[in-house]
Amino acid sequence: MIESLRVRSPSRRDFERYIRNLQRSKHRILVEGMRGKSSLVEILTWLLERRGAAVAGKITGLTPEVIYRGRKIPIDRGEDEKKFFLDHENVLFMANYPADIYVVENQAIKRATMRLVRRIYRPDIIVIPNVRYEHMEGLGDTPEQLTEAFLLGLDGVDLIIFSDPNPVNRKLFEELIERRRVESDVHIINVPEELSWIPAIERFFISRELLGRLGMEPLTEKEVEDLAGSLLIDLIPHSARDFLWYDASKANDPESTQLILNFILKNGLNEDRPVYVLACLRGDRIDRSRAFLDMFGRLRYDPRVERVWVTGKYLRPVLNTLGMKGSKLSHDFGEVIEVIERVRRDGGFLFLMVNGVCDFMDGIRRFLEAEEAESLRRREESILSHRRIRLIKEMITLSLMSTTRPRILA
Amino acid sequence: MTEYIVSSPYKVFLLLTGFAIGYLFYSKFMYRVGGVIVTPLLAIYTLSNPIFLLLFLVATSISYATIEAVVNFRLVYGRRLFYVSCFTSGVVTFILIYLMNVRHPLMLTILPGIFAYNLFSDVNSVSNVRKSLFLWSLEFSFLLIIGYVMGLMWR
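Sequences listed follow chains A and B, in order. With numbering that gives the first Met the number 0, letter number 156 in the first sequence gets 155, and the count goes up by one each step, no holes. With numbering that gives the first Met the number 0, letter number 135 in the second sequence gets 134, and the count goes up by one each step, no holes.
No lab work stands behind these hints: they were computed from the structure. Since the structure is predicted, the reported quantities are computational estimates derived from the model, not experimental observations. No residue lacks a Cβ here, since even glycine has one placed at the ideal position from N, Cα and C. Do not rely on the hints blindly, as some may be mistaken.
Simulated pairs of lysine-lysine, DSBU-like, Cα-Cα distance not exceeding 30 Å [as the list claims (entries may be wrong)]:
1) Lys-130/B <-> Lys-109/A
2) Lys-27/B <-> Lys-71/A
3) Lys-312/A <-> Lys-130/B
4) Lys-27/B <-> Lys-109/A
5) Lys-265/A <-> Lys-170/A
6) Lys-312/A <-> Lys-324/A
7) Lys-312/A <-> Lys-249/A
8) Lys-221/A <-> Lys-71/A
9) Lys-249/A <-> Lys-324/A
10) Lys-392/A <-> Lys-249/A
11) Lys-221/A <-> Lys-265/A
12) Lys-27/B <-> Lys-130/B
13) Lys-27/B <-> Lys-312/A
14) Lys-312/A <-> Lys-327/A
15) Lys-170/A <-> Lys-392/A
Pulled from the structure, derived: some chain B residues nowhere near chain A, Cβ distances all over 10 Å [to be verified]:
16) Thr-45
17) Asn-48
18) Val-75
19) Leu-95
20) Pro-104
With the sequences and hints as input, model every part of the structure.
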């Protein structure tokens, strides 16, 4: 039988164990922000465990998991994985997995849920890799409101590490820290500009800073290489018969999606390969559809983009923004096959974006993965070659190893 | 008019029963059609004057159609959409009440807006709308029956 953490209403004993583990733990690190939280939890847990610490990590989101003593333990939310209570899940996690250091993902859905998770874990360290246009309905519509949402309920927090590669966001964060008179020690990492075009680059700098603050052995060159390798492999477009595709729909915010698209266009594709975009818009995520409007506007005028297909609900404003370049797609799978045939005919690149959690996208993903598996002999190769990956890896390693080490947390 | 302002114990009981059922339904099914306050209040108003139910249904339909159109054209979401819904509900209810010339509680003007917004959220989320509407009808009918019986006993 596979071990799993079953979410239920915590008993009195659970609460007692939760309080005991909370009091005994040395550090409680909450990973917040918008993009790359799960991966960062995984990386931090891995790095801390490698240094001999007793760590319990928790990934939230649609496939929640506990990372404990080198194992991944699924969290079972029952029949309907979207119907569970945050307090139940988090109290049970802490009650069942005693550790010296907790590394937990705090989903930025609403201000209230973020504060609730902070109250459960009483974090002494908060890590914010980035702030992007996402969850606007629950956090705020403007960059200022979105950033401010992370600065509420900071009682007991000793250290905040912020590392958004976007200098505008960093400046805004700095201003808000001053305006709100935040008492915690705030460290804003200046990600070097020459690396800021690499998606998720902030995770390296946060890891280095955190290990230094905890007085642990710094990141080794091998660790950086391994992390960079797995990051870059994830950015290689997939090969299907006669065309390439990439699924960026899990990015969920326009800035991250644009960063991924730019990275692939610059490093992973020949210039003559036409680009096709397929986006799925959800009726329950109108805020997300709205956040992507600017990006759709940029796609309209991008000469490499041939066509943008959109499907889902409330498409009119998006189609208006896309003009002649946009087309509406029904949920009929026959139409999808036509779309894929068109990309194949042109030897193009198909870029999936906006909503990863969507039945329609699941269907396309399965179809493309099956194509990929079937066509291994006739596959088209991305030009994001091993040589280029090695070069980017070297850039990251060089940058991380050459700068000064962080000071230890008091 | 005062009957809408002065609360009698049986109305308070109905309100609290509505909250208790809502709590149970939300814990079990995460259902939210109508929102917290709409169903018990609507039951109380319907018991006072059944025409309010008809008025509520008409105003809800118009509010719902309005927010659908607003989202379709402008991608408005969240609290701003909620305000649009309540505003539409207020205008529609006021016109209907004026035409029908009936005395009404002020809260009735915004209940359809709250209901329409919550219904819109349910329709566009992954939850089962038919189930939500069924549970809402169940709660509403139950409150009506209890209220009617208690009203008879109290008076």
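Hints and how they fare:
1. In summary, the hint linking Lys-130/B to Lys-109/A is supported, as the alpha carbons are separated by about 26 Å, within the 30 Å threshold.
2. Our distance criterion of 30 Å between C-alpha atoms is met by Lys-27/B and Lys-71/A, whose separation comes to about 29 Å.
3. The straight-line distance between the Cα atoms of Lys-312/A and Lys-130/B is roughly 22 Å, inside the 30 Å bound, and the hint therefore holds.
4. Among the hinted pairs, Lys-27/B with Lys-109/A is consistent with the structure: their alpha-carbon atoms are about 22 Å apart, no more than 30 Å.
5. Using a Cα cut-off of 30 Å, the hinted pair Lys-265/A and Lys-170/A holds, with the two alpha carbons roughly 28 Å apart.
6. A distance of roughly 19 Å separates the Cα atoms of Lys-312/A and Lys-324/A; the hinted pair therefore holds under the 30 Å criterion.
7. Between the alpha carbons of Lys-312/A and Lys-249/A the distance comes to roughly 18 Å, so the proposed pair stays at or under 30 Å and holds.
8. Among the hinted pairs, Lys-221/A with Lys-71/A is consistent with the structure: their alpha-carbon atoms are about 23 Å apart, no more than 30 Å.
9. With a C-alpha separation of about 23 Å, the suggested pairing of Lys-249/A with Lys-324/A holds against the 30 Å cut-off.
10. As the CA atoms of Lys-392/A and Lys-249/A are separated by approximately 24 Å, the hinted pair is consistent with the 30 Å bound.
11. This hinted pair checks out: Lys-221/A and Lys-265/A have alpha carbons roughly 26 Å apart, not beyond 30 Å.
12. Distance check on the hinted pair: Lys-27/B and Lys-130/B sit about 12 Å apart at the alpha-carbon level, within 30 Å; holds.
13. Distance restraint check for Lys-27/B and Lys-312/A: the Cα-Cα separation of roughly 29 Å lies within the 30 Å cut-off, and the hinted pair is therefore satisfied.
14. With a CA separation close to 10 Å, the supplied pair Lys-312/A and Lys-327/A stays within the 30 Å bound.
15. The straight-line distance between the Cα atoms of Lys-170/A and Lys-392/A is roughly 28 Å, inside the 30 Å bound, and the hint therefore holds.
16. Separation of Thr-45/B from chain A is adequate, the least Cβ-Cβ distance of about 30 Å exceeding the 10 Å criterion.
17. For Asn-48/B, the shortest C-beta to C-beta distance to chain A comes to about 36 Å, beyond the 10 Å cut-off, and the non-interface label holds.
18. With a least beta-carbon separation of about 8 Å from chain A, Val-75/B fails to lie farther than 10 Å from that chain, contradicting its non-interface assignment.
19. Once the 10 Å rule is applied to beta carbons, Leu-95/B is consistent with being away from chain A; the minimum gap is 29 Å.
20. Separation of Pro-104/B from chain A is adequate, the least Cβ-Cβ distance of about 30 Å exceeding the 10 Å criterion.
Going through the hint list in order, the structure does not satisfy hint 18, though it satisfies all others.
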